[in-house]
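**Student:** Since chain Z is already given, all that's left is putting chain L on it; use the hints.
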Amino acid sequence: MAGEDDVIDTKELELERIIGFNGKVPSGLLVHPDREHIVYPLGCNIIIEDITKEAKQCILSKHTNNVTCIAVSNDGRYLVSGQETHMGFKASIILWDYASKEAIQKWDLHKVKVEALAFSKNGKYVISLGGQDDGSVVVWDMTTKEPICGSPAQVESAGITSCLATSNVTDEEFVTGGETTLRVWTIDKENRKIRPSNTNLGGLKRVITCIEMVDDQDAKMPYFFCGTTTGDILCINKNTNILQFEVPSKNKFSLGVTALSFVKMTSKGFNILVGTGAGTVGNFDISVCFENGNKVKAVFKHRSDAQPWKHEEETSAITSIAKRGAGHQFFVGTAHSQVYKFQFADFTAELVKTCHSCPVNDVIFPFGLSQLMLTCQQGEIRVWNLTTGRELRRFVLANKICNALAISRDGKTIVTGWNDGKMRVFGFGPKDMSLELKHVIMDAHNKGVTAVALNTSGDTIISGGGEGMVRVWDLVFGTDLKGKKEIRAELRHSMKEHKNFVSEIVIRSNDKECASAGGDGTTIVWDLTKGIRKNVVFANTLFKSVCYGEEELQIITCGTDHKIGYWETFDGSMVRELEGAKAGAISFMDITTDKSYFVTGGEEKLLKLWLYREGEVTHVGRGHSASILRIRIAPDNRSIVSVSEDGAILQWKCPNSLMG
Amino acid sequence: MTSYDEPSIYNLLAVEETKEQKPKKYTSKFRQNVKQEYASGRDPNKTMGPAKVAVPPPTDFLKKHEKEPQLPTKETFKYPDEERRRPAVPSKDDTPLMGLKTTKNFICTNAVENITAVPKLPGKKYADTRHGDTHDLVPSGYEPVYVHKKEFGEVPTYLTKRKEEIKRAQEEYDQYIAEHFRRGALRQLTEEERAAILDGLKTNWEDIHDQYQGLSVVPDTAPKKNRKERMEAQMKQLERDIELFQKHKIIYIGN
Numbered sequence: 001m002a003g004e005d006d007v008i009d010t011k012e013l014e015l016e017r018i019i020g021f022n023g024k025v026p027s028g029l030l031v032h033p034d035r036e037h038i039v040y041p042l043g044c045n046i047i048i049e050d051i052t053k054e055a056k057q058c059i060l061s062k063h064t065n066n067v068t069c070i071a072v073s074n075d076g077r078y079l080v081s082g083q084e085t086h087m088g089f090k091a092s093i094i095l096w097d098y099a100s101k102e103a104i105q106k107w108d109l110h111k112v113k114v115e116a117l118a119f120s121k122n123g124k125y126v127i128s129l130g131g132q133d134d135g136s137v138v139v140w141d142m143t144t145k146e147p148i149c150g151s152p153a154q155v156e157s158a159g160i161t162s163c164l165a166t167s168n169v170t171d172e173e174f175v176t177g178g179e180t181t182l183r184v185w186t187i188d189k190e191n192r193k194i195r196p197s198n199t200n201l202g203g204l205k206r207v208i209t210c211i212e213m214v215d216d217q218d219a220k221m222p223y224f225f226c227g228t229t230t231g232d233i234l235c236i237n238k239n240t241n242i243l244q245f246e247v248p249s250k251n252k253f254s255l256g257v258t259a260l261s262f263v264k265m266t267s268k269g270f271n272i273l274v275g276t277g278a279g280t281v282g283n284f285d286i287s288v289c290f291e292n293g294n295k296v297k298a299v300f301k302h303r304s305d306a307q308p309w310k311h312e313e314e315t316s317a318i319t320s321i322a323k324r325g326a327g328h329q330f331f332v333g334t335a336h337s338q339v340y341k342f343q344f345a346d347f348t349a350e351l352v353k354t355c356h357s358c359p360v361n362d363v364i365f366p367f368g369l370s371q372l373m374l375t376c377q378q379g380e381i382r383v384w385n386l387t388t389g390r391e392l393r394r395f396v397l398a399n400k401i402c403n404a405l406a407i408s409r410d411g412k413t414i415v416t417g418w419n420d421g422k423m424r425v426f427g428f429g430p431k432d433m434s435l436e437l438k439h440v441i442m443d444a445h446n447k448g449v450t451a452v453a454l455n456t457s458g459d460t461i462i463s464g465g466g467e468g469m470v471r472v473w474d475l476v477f478g479t480d481l482k483g484k485k486e487i488r489a490e491l492r493h494s495m496k497e498h499k500n501f502v503s504e505i506v507i508r509s510n511d512k513e514c515a516s517a518g519g520d521g522t523t524i525v526w527d528l529t530k531g532i533r534k535n536v537v538f539a540n541t542l543f544k545s546v547c548y549g550e551e552e553l554q555i556i557t558c559g560t561d562h563k564i565g566y567w568e569t570f571d572g573s574m575v576r577e578l579e580g581a582k583a584g585a586i587s588f589m590d591i592t593t594d595k596s597y598f599v600t601g602g603e604e605k606l607l608k609l610w611l612y613r614e615g616e617v618t619h620v621g622r623g624h625s626a627s628i629l630r631i632r633i634a635p636d637n638r639s640i641v642s643v644s645e646d647g648a649i650l651q652w653k654c655p656n657s658l659m660g
Numbered sequence: 001m002t003s004y005d006e007p008s009i010y011n012l013l014a015v016e017e018t019k020e021q022k023p024k025k026y027t028s029k030f031r032q033n034v035k036q037e038y039a040s041g042r043d044p045n046k047t048m049g050p051a052k053v054a055v056p057p058p059t060d061f062l063k064k065h066e067k068e069p070q071l072p073t074k075e076t077f078k079y080p081d082e083e084r085r086r087p088a089v090p091s092k093d094d095t096p097l098m099g100l101k102t103t104k105n106f107i108c109t110n111a112v113e114n115i116t117a118v119p120k121l122p123g124k125k126y127a128d129t130r131h132g133d134t135h136d137l138v139p140s141g142y143e144p145v146y147v148h149k150k151e152f153g154e155v156p157t158y159l160t161k162r163k164e165e166i167k168r169a170q171e172e173y174d175q176y177i178a179e180h181f182r183r184g185a186l187r188q189l190t191e192e193e194r195a196a197i198l199d200g201l202k203t204n205w206e207d208i209h210d211q212y213q214g215l216s217v218v219p220d221t222a223p224k225k226n227r228k229e230r231m232e233a234q235m236k237q238l239e240r241d242i243e244l245f246q247k248h249k250i251i252y253i254g255n
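Here the protein sequences come in this chain order: Z and L.
Per UniProt numbering, the first sequence starts with residue 1, numbered consecutively.
Per UniProt numbering, the second sequence starts with residue 1, numbered consecutively.
For reference, chain Z alone in the conformation it holds in the complex:
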């Protein structure tokens, strides 16, 4: 083995594409004032993406944990982002220079979580709001990059403050809102003080989820709008702190108002975009008229030439509405990590981005085809086109988790393992090529199916379960009484050796042998013709993954002990052991078809490309913001795809040495 000093220098893997968007961050999707880029969080990274040119992405990664809020200054020069962290630690705010995409300043003041961030009108200040455990508002000076002052965000009797908006008139005013609290603040820079004044909501008790400032539109009406969980919009006079009206008075939005965006002043009054927790996006006109005795009356009406938009099937909250420029076009982000582009003129939506919203449990390529891939997450299976990064097909099954995928070589059957102990066999519909459920193997494993594999001819499934059983099934293709094609599965062998979950099963290319990695510290090589154990490998670890190595006479394993083991399949003896990671378990590994390279990834969030024979890392991929769950090398050896717990799919460019 090479010594410590003459290790070949590792290179960085080039990132080709990221498919991911954390839709759960309120107002996380932003359009930069240059109108050319959108900014959104993904795990602990921030991604700046070109709207016009496809897949031109830039990643800002300095945060150590999930990003919880982002803000862009009105002139577009700065970007500020806040994160959450573990209990008892300080959560940092990072100020970025937009042009150079570099971090300028890191502020550690808030405890545990930064709830919201905002730039003042001319960018003089940054206002930050701490989370539940912090509960304070801090104003930062942008000239000195130092904090000016801080103050508790709410009175002690009130709940958590969760949103923040700055005035469109002056730099010195901003508003915070939350559970039964709504305050207008003024900054006094000379005395280094901020002064709150509570608004009078009368008898109303509301939880404010979003605030939209419209105080610059009409001198008589210095208002701001607040969306609430009750499903109405409060209108408050910023100068007098008095509630003017709340709309709609009847038929309130179900699941609350989650996003608000002011578009323009029309003859009918304020024209605003409203996103709700039930997933509807509406464009409403609020006309205000003054009656005698300072009474304000408001009429709340949707624009007459369009209906409120809602996705036909999905119901996921609208978390952000981002206008491009003045609002001729706007982007809508949902909690289910979808991004829609709306045209304001005809109020039509176009799906521009689909991402996984929860951990991606498996990713596979069809045999010999690198342009398509299949992924699965909780309740969903998706087919992607990797060249465009677009989602092609989707199958949804609510409340079940898909753990593992396998596809036959002819590409006609997809076998999936689910946490309810069933295996579902899919095919493709004849007309629209949609994913079609063909057969369900009931009670395949009683603690959920954790691993599946298909042989080369595609008629034998090998499945591993959470209870440790490895089972071999024969797929029988026949016709039912009516002459319709049907698939049936018949159990051939049930092999009970593992004492804990089976994490991965790989089949040798001659279909006579397979290897299964188990959570009980064993990796077992099975004889598939007889249905018995051939050999077993022991280690003090939870094996996470296994691959067939050189000439399929060796297997390589990885697990929670940070080690990569090379083992002989013939007698189960160890050939070599490598230190695979400095910290954290190695969750997955994949090997090229010519067995010269393999990749590993895990809780370290790093993707490592190894030379098989030398056992040395040649390339490292940085970019994941959560622990990597699966990695696959594309069949043409041109790219590597890795998926992680935050739902991101990263596509890496393979180095040239691998392609040759």
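Incorrect hints may appear among the rest.
Simulated pairs of lysine-lysine, DSBU-like, Cα-Cα distance not exceeding 30 Å [claimed, not checked]:
id: 1; chain 1: L; residue 1: Lys22; chain 2: Z; residue 2: Lys310
id: 2; chain 1: L; residue 1: Lys22; chain 2: Z; residue 2: Lys341
id: 3; chain 1: Z; residue 1: Lys310; chain 2: L; residue 2: Lys24
id: 4; chain 1: Z; residue 1: Lys447; chain 2: Z; residue 2: Lys563
id: 5; chain 1: Z; residue 1: Lys323; chain 2: L; residue 2: Lys22
id: 6; chain 1: L; residue 1: Lys24; chain 2: Z; residue 2: Lys431
id: 7; chain 1: L; residue 1: Lys163; chain 2: Z; residue 2: Lys431
id: 8; chain 1: L; residue 1: Lys24; chain 2: Z; residue 2: Lys341
id: 9; chain 1: L; residue 1: Lys25; chain 2: Z; residue 2: Lys341
id: 10; chain 1: Z; residue 1: Lys431; chain 2: L; residue 2: Lys74
id: 11; chain 1: L; residue 1: Lys25; chain 2: Z; residue 2: Lys310
id: 12; chain 1: Z; residue 1: Lys264; chain 2: Z; residue 2: Lys24
Rather than coming from a laboratory, the hints here were simulated on the basis of the structure.
**Tutor:** Frame of chain Z; chain L shown alone:
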């Protein structure tokens, strides 16, 4: 295995994700024209007379029968089974094959045969009306047929056979009894003995019957019910025995 027509994931590669673009709503390019014409020259035919049409040239004059309908040409009728029919009988002029010719004089032979033939007897007939409508006599039943049968008035053979069989069976039985008597294995019950047994049975029956009559009307307990049933069974058995003894005059007892 799966058939080839089934779609696979590889087909998805060819699927171009094109957005469904609705074709533009159709508008005629003459729309504006039509509008203008409609507005300007409203119903010109009404005032200007029929439309002016070019006159046909003198070379294109009206010809004979030109305006008559053009009928399709007639087709000869054919029977549909014409091909399947047998060939026609040869005509008298047809020369036979190989010049074959019979020497038989059909006219002469036919005449001779008829002359020498025995004439057929007329069948028996009967007339049932005064107009002389005749019918065959034989099947009518008027002719006495069975009286003239050969075996008329005799005992049928099956009866004599049956009689003989019975007689033989009786003889066999008698022989069998006699055999048993001879061996001392059987004993005939005398008339006195038979009467004594019959009397005894009858007295027994009467006794039980008396008791039965003395039973309570409602057999409310289990023992009562059992007793009643038992007595009924006994009486029935006795009745059967009495009947047996009354039926048969001669009774043998096997030792």
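**Student:** If a hint holds in the structure, say so; if it does not, say that too.
**Tutor:** Going through the hints against the structure:
no.: 1; hint: L:Lys22 - Z:Lys310; result: holds (21 Å)
no.: 2; hint: L:Lys22 - Z:Lys341; result: holds (19 Å)
no.: 3; hint: Z:Lys310 - L:Lys24; result: holds (25 Å)
no.: 4; hint: Z:Lys447 - Z:Lys563; result: holds (28 Å)
no.: 5; hint: Z:Lys323 - L:Lys22; result: holds (27 Å)
no.: 6; hint: L:Lys24 - Z:Lys431; result: holds (26 Å)
no.: 7; hint: L:Lys163 - Z:Lys431; result: violated (93 Å)
no.: 8; hint: L:Lys24 - Z:Lys341; result: holds (22 Å)
no.: 9; hint: L:Lys25 - Z:Lys341; result: holds (25 Å)
no.: 10; hint: Z:Lys431 - L:Lys74; result: violated (54 Å)
no.: 11; hint: L:Lys25 - Z:Lys310; result: holds (26 Å)
no.: 12; hint: Z:Lys264 - Z:Lys24; result: holds (27 Å)
Going down the numbered hints, you'll see the structure goes against 7 and 10, while the others check out.
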